[in-house]
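Following the hints, put chain B in place on chain A, whose structure we already have.
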Amino acid sequence: MNTTFPRLLLDHAARRPNAPALREKDLGIWQTYSWSALSALVQSLACGLAEAGLMRGQHLVVVGENRPRLYASMLAAQAIGAIPIPLYQDAAANEFVVPIRNADVAFAIAEDQEQIDKLLEIRDRCPQLARIWFDDPRGLRNYRENGLASLDALVEAGRAHAAAHPDFFMAEVERARPDDVAAMFFTSGTTGNAKGVVHTHATLIDRAQAGARFDKLNERDEVLAYLPPAWIGQNIFSYAQWLACGYVVNCPESASTVTLDLKEIGPTYYFAPPRVFEGLLTSVMIRMEDASPPKRWLFDRCMALARRVGPARLDGKPLGLLDRVGWAAGNLLIYAPLRNSLGFSRVRVAYTAGEAIGPDLFTFYRSIGINLKQLYGSTETAVFVCLQPDHEVRADTVGVPIEGVEIKVSESGEILVRSPGLLKEYYKDPAATAEVLDADGWYHTGDAGFVDATGHLKIIDRAKDVGRIVGGNADGALFAPKYVENKLKFFPYIKEAVAFGDRRDKVCAFVNIDIEAVGNWAEKRNLPYGGYADLAQKPEVLELVRECVEKVNADLAADERLAGSQISRFLVLHKELDADDGELTRTRKVRRGFISERYRTLVDALYGGDTHRFVETEVTFEDGRKGRIAADLKILDAKTFVIARSAA
Amino acid sequence: MSVPAAASLRTGATAGAPPETLSDARVPSSEMAKTASLADVGPAPAGRRRIGEVVLDVQRISLAFGGVKALTDISFDVREHEIRAIIGPNGAGKSSMLNCINGVYQPQQGSISLRGKTFRHMNPRQVAKMGVARTFQNLALFKGMSVLDNIMTGRNLKMRTNLLQQAIRWGATEREEAAQRRVVEEIIDFLEIQAYRKTPVGKMPYGLQKRVDLGRALAMEPQLLLLDEPMAGMNVEEKQDMSRFILDVNDEFGTTIVLIEHDMSVVMDISDRVVVLDYGKKIGDGTPDEVRANPDVISAYLGTTH
Chain A
0 MNTTFPRLLL DHAARRPNAP ALREKDLGIW QTYSWSALSA LVQSLACGLA
50 EAGLMRGQHL VVVGENRPRL YASMLAAQAI GAIPIPLYQD AAANEFVVPI
100 RNADVAFAIA EDQEQIDKLL EIRDRCPQLA RIWFDDPRGL RNYRENGLAS
150 LDALVEAGRA HAAAHPDFFM AEVERARPDD VAAMFFTSGT TGNAKGVVHT
200 HATLIDRAQA GARFDKLNER DEVLAYLPPA WIGQNIFSYA QWLACGYVVN
250 CPESASTVTL DLKEIGPTYY FAPPRVFEGL LTSVMIRMED ASPPKRWLFD
300 RCMALARRVG PARLDGKPLG LLDRVGWAAG NLLIYAPLRN SLGFSRVRVA
350 YTAGEAIGPD LFTFYRSIGI NLKQLYGSTE TAVFVCLQPD HEVRADTVGV
400 PIEGVEIKVS ESGEILVRSP GLLKEYYKDP AATAEVLDAD GWYHTGDAGF
450 VDATGHLKII DRAKDVGRIV GGNADGALFA PKYVENKLKF FPYIKEAVAF
500 GDRRDKVCAF VNIDIEAVGN WAEKRNLPYG GYADLAQKPE VLELVRECVE
550 KVNADLAADE RLAGSQISRF LVLHKELDAD DGELTRTRKV RRGFISERYR
600 TLVDALYGGD THRFVETEVT FEDGRKGRIA ADLKILDAKT FVIARSAA
Chain B
0 MSVPAAASLR TGATAGAPPE TLSDARVPSS EMAKTASLAD VGPAPAGRRR
50 IGEVVLDVQR ISLAFGGVKA LTDISFDVRE HEIRAIIGPN GAGKSSMLNC
100 INGVYQPQQG SISLRGKTFR HMNPRQVAKM GVARTFQNLA LFKGMSVLDN
150 IMTGRNLKMR TNLLQQAIRW GATEREEAAQ RRVVEEIIDF LEIQAYRKTP
200 VGKMPYGLQK RVDLGRALAM EPQLLLLDEP MAGMNVEEKQ DMSRFILDVN
250 DEFGTTIVLI EHDMSVVMDI SDRVVVLDYG KKIGDGTPDE VRANPDVISA
300 YLGTTH
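So the sequences go chain by chain: A and B.
Numbered by numbering that gives the first Met the number 0, the letters in the first sequence go through residues 0 to 647 in order.
Numbered by numbering that gives the first Met the number 0, the letters in the second sequence go through residues 0 to 305 in order.
So that you can see chain A by itself, here it is in the shape it has in the complex (with noise of 0.2 Å):
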């Protein structure tokens, strides 16, 4: 494999010029870029950079949605090679500061006016920001800034530039090596600052190659792209892997039509984090229980029979007749419409990944005949390590190592990697690189877990997190918070929880109420509620909630090992754990230690035996002002179970 991102543009716009590369809707109409078309813009906005003073080894900040346009900017700073910095459209200005300054970067291209006015308000903060360019006008066209310009004049610039020097853009791709640094992607970093993950035209494009053959992608594939394109999922799926195979990426309309945009393309390739998945079987639950009771009734009856043979008839295994007849109906009836209105329909390989998923949420989508599977990897391992097989799934492993990788457990039970995918360094910071990357090439992932018996890796949780409980009822007791949190989260009334326990005597939980599902629920018992802070300390839903926690430790009695994590006591948040308050990291990972120590008088409420707690927070809204918020918190005792010994 000796190939760039440029090169591969440019073989599949010789190879197959007028297939479609984009799809982009606008004005309510699916519009089609054709490999040709998109390397002629990739080519107008290479020599258009260059012209503006964009140097090889120069960093190019990319802020925006999943557009066709920002797209075609990352591969045309690929092809000076310049390396291009996608950044979180939803990160607060604040955010951007960091990744601009140490990586001293001089040019950004941003999709709208909200993007611009941020880096126009960090300017004075990074006086090296010298040309900004945007890809929708709207409400810019009174910016007299200097170095501000549409994505259009930098196009037309760049078309005369190609004019007078026609050699110019082939010589740059030409010049670029696999070895040379093709992105740069800044971790949302779950502990401390974000930190940028250097990666290769080599790493990237070796990884998506093995995930493409592990799968048997192919040109004939397409994928919605509605993640964010920092974020190394998407950059992956959308990106690497879209140049790897050539299939089409499509860019939904807004974030708000993505679930109607899912629906009119049918992608065949889909890829989500949990939380995607949890919000659709959410929307999904909530409006079946607005249904006619024959139709419940038809739903309940079916959903029971695919959560039986459902999960075993995609693993391939055998199904009797009668199973395979009553499946048929069902499919009939419920299965495939429900595919069809979630968008499913014609999707062949389905990924979940970022964080751990239910596993009952897992089975739902696999039971309905969805080809779901897990995989593991981080941006540091450029996504791929280890992927399910089709017919070897399991809602508890995350899959097999897919060739190139090779993976060991440290003796403290840590998880160590070795593949060709891994980062080159994180930029400017070799102490945090040697932490990580040790002298033979292994990188220390910092997960726990193991490999089973069969060959597929299973991940308990973050290596540092497992914890032990001490003292009390349950002393010496493995406490896995992200496994209880994961399984609170389940429920659709839940949106977020974050547990305690690790050196204490007992494991306390805070939850966050999902104000859709509950709101629908209150509404339904005709609960009068004022929003978010009141409904949450309504006496009902407090008890809504303590239901769904008991059922959660009954689930954790069952299970010897991790039935000492069972929830004593609970309190429902005021507020909702929010990224722009740091609670949560952008890709809406609960950062349990900050909030620990910013709800420090709720947690030591909840240890003390209070039956209740006042709290003051100040929280940021979206336009970046800041506000307080306060409430007097009930805490709730739950039941705990009795472990169940096996064999007893």
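Hints were generated in silico from the structure; no laboratory data involved.
Everything numeric in this text was worked out from a predicted model, so none of it was measured.
We put the CB at the ideal spot given by N, CA and C, even for glycine.
Treat the hints with care, as some may be off.
[Claimed, not checked] In silico BS3-like pairs for lysine-lysine, Cα to Cα no more than 30 Å straight-line:
(1) A:Lys-625 - B:Lys-238
(2) B:Lys-197 - A:Lys-294
(3) A:Lys-638 - A:Lys-588
[Stated by the list, open to error] Over 12 Å on every C-beta distance to chain B, these chain A residues come out as not near it, computed from the model:
(4) Gly-56
(5) Arg-174
(6) Phe-298
(7) Gly-315
(8) Gly-325
(9) Val-392
(10) Val-399
(11) Glu-402
(12) Glu-410
(13) Asp-501
(14) Arg-524
(15) Ala-532
(16) Pro-538
(17) Thr-600
[Unchecked claim] On the chain B side, residues computed to face chain A include the following (Cβ under 8 Å):
(18) Glu-185
(19) Asp-250
(20) Glu-251
Same frame as chain A, but now just chain B:
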């Protein structure tokens, strides 16, 4: 569509076509998409939005329903590109004032001139043809129709093909519909209601219905937009959204806006000048700061909370 074509279309939309072809739908079909583009409406203001000449001049209007005097001797003017607010307590005569401008009510005394043309008796259709659009306090949308169709009704005056052609549809009507649909889609895009394009309006939340109402008025490509309590019954977030859209309309298309509003804070933030009515009489007129400082206004409105 190939990339260069898409790119040039966008450039066309922002740079603006020659103003003389603005609302002429009978142009060759290749030109149609460009000329029907919403972004072309009105001359683009250079630099910051500049306030121009007087476009609407209301002189000594009095309106009475039998013995009830709704409006007494009201005069004010509205300048090009400005956002002009009419405020006042309940029953002050705000909506009556708007209905006079709109041609729904005929004032017994006084005159209204629009771009120098003075009129006393004009019906709403004539006023609409002069480039005046409005929204309604109590939403007058077609509840059973989709967002798309509702906004399309705002294009009514722009349709050029006749009944016979429309019955056949093939040819001119089809082209016209596509061109009109483009304008409607641009409005949907502008108001960020893409997810509701095909949703029946009656099923949408109230705040979004208000947005559709605004969209239908915008579909007329008005030079003067009358908004009757655009934020009534909305929560804070919806009010913020609506304020942003009103400012965006004013900024992007240079549309002159007259709005009636109850919520003082909103008005003061987004208006250039404010008229204050109380019991059918004008008690204040000026910039938000001037109005805020006016003792009559304070005693009639601002001083009391309600």
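Hints and how they fare:
Note on Lys-625 of chain A and Lys-238 of chain B: the hinted pairing holds, with a Cα-Cα distance of about 19 Å set against a maximum of 30 Å. Restraint check for Lys-197 of chain B and Lys-294 of chain A: satisfied, since their Cα atoms lie roughly 25 Å apart, inside the 30 Å limit. At most 30 Å may separate the alpha-carbon atoms for a hinted pair to count; Lys-638 of chain A and Lys-588 of chain A meet this at roughly 28 Å. Look at Gly-56 of chain A: its CB is around 28 Å from the nearest CB on chain B, clear of 12 Å, so calling it non-interface holds up.
With a closest Cβ-Cβ approach of about 25 Å to chain B, Arg-174 of chain A is found to remain outside the 12 Å limit, as its non-interface label requires. At roughly 23 Å from the closest C-beta of chain B, the C-beta of Phe-298 of chain A stays outside 12 Å, upholding its exclusion from the interface. The Cβ of Gly-315 of chain A lies farther than 12 Å from every Cβ of chain B, with a closest approach of about 39 Å, so its non-interface assignment holds. With a minimum CB-CB distance of about 36 Å to chain B, Gly-325 of chain A clears the 12 Å threshold, and the non-interface call stands.
Non-interface status of Val-392 of chain A relative to chain B is upheld: no Cβ of that chain comes within 12 Å, the nearest being about 33 Å off. The non-interface label for Val-399 of chain A is consistent with chain B: the shortest C-beta to C-beta separation is roughly 40 Å, beyond 12 Å. Listed as outside the interface, Glu-402 of chain A is consistent with that label: its C-beta sits roughly 36 Å from the nearest C-beta of chain B, beyond the 12 Å cut-off. Every Cβ of chain B is farther than 12 Å from the Cβ of Glu-410 of chain A; the closest lies at roughly 52 Å, confirming the non-interface assignment.
The Cβ of Asp-501 of chain A sits about 39 Å from the closest Cβ of chain B, beyond the 12 Å cut-off, so the non-interface label holds. Against chain B, the non-interface label of Arg-524 of chain A holds: every CB pair exceeds 12 Å, the least being about 22 Å. The beta carbon of Ala-532 of chain A sits about 15 Å from the closest Cβ of chain B, which is more than 12 Å, so the claim that it is off the interface holds. Under the 12 Å C-beta cut-off, the non-interface status given to Pro-538 of chain A relative to chain B holds; the minimum distance is some 26 Å.
Even its closest Cβ contact with chain B, about 29 Å, leaves Thr-600 of chain A beyond 12 Å, as expected for a residue assigned away from the interface. Because the smallest distance between the Cβ of Glu-185 of chain B and any Cβ of chain A comes to about 6 Å, under 8 Å, the interface hint for this residue holds. The restraint placing Asp-250 of chain B at the interface with chain A holds, with a minimum CB-CB distance near 7 Å, inside the 8 Å limit. A least Cβ separation of about 7 Å between Glu-251 of chain B and chain A falls short of the 8 Å threshold, and the interface hint therefore holds.
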